[in-house]
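Q: Turn these sequences into a full structure, and let the hints steer you where they fit.
As you go down the protein sequences, you meet chains F and L in turn. Heads up: the first sequence begins at 1 in the working numbering, then just goes up one per residue. Heads up: the second sequence begins at 1 in the working numbering, then just goes up one per residue.
No false leads were mixed into what you were given.
Here are some chain L residues the structure puts well away from chain F; computed CB gaps all over 10 Å: (1) 70; (2) 76; (3) 117; (4) 142; (5) 167; (6) 178; (7) 349; (8) 351; (9) 363.
Derived lysine-lysine pairs resembling DSBU-like cross-links, with alpha carbons at most 35 Å apart: (10) F/115 to F/85; (11) L/6 to L/289; (12) L/163 to L/142; (13) F/17 to F/88; (14) L/6 to F/266; (15) L/301 to F/202; (16) L/248 to L/83; (17) L/185 to F/266; (18) L/142 to L/248; (19) L/301 to F/266; (20) L/137 to L/163; (21) F/266 to L/38; (22) F/119 to F/85; (23) L/142 to L/166; (24) L/38 to L/86; (25) L/289 to L/38; (26) F/202 to F/11; (27) L/185 to L/166; (28) L/248 to L/13; (29) F/85 to F/11; (30) L/307 to F/2; (31) F/66 to F/11; (32) F/88 to F/133; (33) L/347 to L/6; (34) L/137 to L/174; (35) F/202 to L/307; (36) L/16 to L/84; (37) F/71 to F/85; (38) F/266 to L/289; (39) F/202 to L/289; (40) L/307 to F/266.
These aren't lab readings, by the way, just hints derived from the structure by calculation. Only a predicted model underlies this, so the values are computations on that prediction, with no experimental measurement involved. Glycine included, each C-beta is placed from N, C-alpha and C at the ideal position.
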Amino acid sequence: MKDILVVEDLKTWFPIKSGIIQRTVGYVRAVDGVSFGVRRGETFGLVGESGSGKTTLARTIMRLVKPTAGKIFFDGVDLTERKSKPAKLRRRMQIIFQDPYASLDPRQIVYSMLKETMKIHRIASGRSDVHKKALELLENVGLSEEHLYRFPHEFSGGQRQRIAVARALIVNPEFLILDEPTSFLDVSVQASVLNLLNDLQKAFALTYLFISHNLAVVHHMSDRVAVMYLGKLVEMADRDAIYNSPRHPYTFYLMAAIPVPNPEIKKEEVLLTGDVPSPVNIPPGCRFHPRCPYATGRCEQEEPPLVENDGHWVACHYDIDFNGGVRSSRIKRRKRRRV
Amino acid sequence: MQVKEKEVVLEVKDLKVFFHTYRGKVEALNGVELSLYKREVLGLVGESGCGKSVTALTILGLLPENAYVISGEIFFRGEDLLKKSKEEMRLLRADEIAAVFQDPMTYLNPVLTMETQLKEVFMLDTNLLRKAVVWQKNHGGKIAFDDLLSGKVKIRDNSTNPKVSKSEINEMAKSLCIDILRLVKMPDPERILRQYAFELSGGMRQRAMIAMALARRPSVFIADEITTAVDVTIQAQILNLMRELRDKIDASTLLITHDLSVAAENADRIAVMYGGNVVEVAPTVEIFKNHLHPYTSMLMKAIPDVKNPSERLESIPGTVPEMINPPSGCRFHPRCPIATDKCAMEKPQLRRITENHEVACYNVAV
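A: Below, the structure is given as structure tokens:
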């Protein structure tokens with residue numbers, strides 16, 4: 001499989017300005033050197049806690065935010081170059097935002113919303129064409145003609161998200177970024193939206209970048225998963241490898257923290273101490289070291305690179321055996337072979 | 001379950017609460033039945049708008065102006081809370097029924113230091129502080145919050161009323177503040193006391209709220225979505241803290257959450273709410289293994305489970321009903337696969353299926 005999207009050492013920093021002359025006093029390093037590739041046809045899950053830079057990464061890929069450094073290749077075209085005209089490429093890549101209450105214009109009926117996009121991208125012209133296409137789109141997302149002439153406030157959260165999906169599908173995209181598409185929805189509705197997304201992926205051969213803080217949802221949707229912490233990827237691998245045999249300590253603790261909807265499974269209590277540091281003052285060395293129980297002097301000094309070991313990418317200096325449990329004082333440490 | 005004899009601490013009976021809004025009458029609670037036993041954790045689970053929080057607010061007597069209690073009773077220690085005056089409810093919230101809500105930032109005062117806010121809780125009972133100071137003077141040593149909790153130190157009133165200065169009381173309150181911050185596992189409590197709410201992280205704010213709620217040793221603790229606004233790793237920390245505190249404090253907990261998994265890991269019993277009604281109540285293991293209400297079983301199948309993945313999630317058709325024009329009869333009937341004509345006509349009452357399993361559905365085989 002070929003990579004449809006390749007991100008190379010992408011950085012998005014936001015300046016912090018202060019004082020009368022608005023001098024830049026520092027940077028929020030929201031995305032701070034991220035590299036990965038998304039294969040055509042797969043669902044690539046991106047997880048991380050709030051403030052880890054997931055949404056900024058998505059917005060940067062869509063070129064809604066200007067990257068500070070790094071390259072984004074979409075199907076071989078570098079989106080960071082001026083002549084690449086990202087607006088044109090948006091015909092092939094679309095984004096669905098988290099909050100369907102904010103992403104739909106409250107003053108437009110669904111029909112005119114869809115019509116506007118068709119006009120911009122010159123998809124359909126003439127009333128009957130537009131109408132036909134709009135109807136087709138709504139049917140794709142499980143809505144019907146009666147919904148075409150309604151305003152967004154007349155819809156429930158799940159239906160609004162369906163409209164947002166329909167709008168994204170107008171241009172027949174190959175690649176969809178789904179930024180927390182169900183976090184505003186109730187569980188009973190979330191399931192139907194996730195099912196819809198799965199159906200659409202099969203029907204239109206879509207590639208998804210699925211972003212969520214909900215680890216169970218990402219597990220359900222994704223083929224491969226990357227874990228983000230403070231603007232960097234700490235681990236990236238196949239879904240089952242990430243969830244069942246994590247190699248980075250942060251991933252390990254993250255997975256252990258997922259509540260399981262089964263009272264009979266008694267989990268071993270493994271807890272991560274402390275909070276996520278601010279992306280303004282990123283700790284030196286490995287950014288996870290202040291919270292990591294396995295951290296050594298080396299972790300405070302040297303930032304571990306993301307290295308591959310048969311398809312499993314990890315950014316950690318050590319190969320840690322988590323089965324010993326945190327409480328045991330004997331922690332096996334083996335030097336990782338650098339690739 | 002830990003408790004053998006079940007002593008009911010709090011009992012909600014046929015509670016109906018409506019809101020008057022510009023859009024019309026919102027029938028938020030439609031006859032909620034709930035009982036909270038001594039020292040248990042009861043998980044109250046449901047989707048947004050099902051009335052979980054309104055139930056909590058009614059118990060606390062904190063309903064907004066436009067809410068009307070149509071009918072029902074809330075018994076706490078043999079007294080109906082709905083008949084109490086505002087002042088009586090205020091005292092009750094100070095002493096007996098404590099609550100922590102979703103967004104700690106809105107409940108902490110932004111212009112006061114944590115010390116001022118935490119101390120206030122102890123200053124409510126200066127008598128206790130005075131006695132504690134006297135005890136320290138007589139016995140030597142130091143009184144910790146733990147001693148007050150466990151009752152290890154009985155603070156007897158001295159017949160001679162020795163003078164205790166204001167600064168000594170202040171000192172005492174401060175040391176108790178530090179104790180209680182340690183109890184909720186705050187790092188460096190002395191520093192936290194000098195800080196303002198905005199300087200703390202979300203998880204730390206929530207810990208401070210829990211500390212304040214538990215400082216008065218309440219007998220009922222309402223935790224309303226306390227981990228919804230924090231990240232998974234912090235959620236695990238806070239829930240773990242709650243489990244540890246459970247053995248220390250003698251409180252019954254009403255754990256309100258929209259997340260079934262959180263309830264699965266922390267509650268002894270679970271009550272499932274839908275459309276302003278409690279539709280099923282059972283012990284946690286029972287409700288996961290042997291759920292009876294169609295809504296409960298559909299909800300269970302709709303959550304993705306990491307440990308037990310399925311190709312396709314089962315979704316519930318339709319949406320959560322509007323409470324302005326709620327469906328007649330059983331409020332779940334428009335989405336229910338096994339609904340009959342009777343369901344659309346009459347509201348099913350909670351009925352007991354086994355000793356501790358109750359369900360509100362006509363079509364459940366006993």
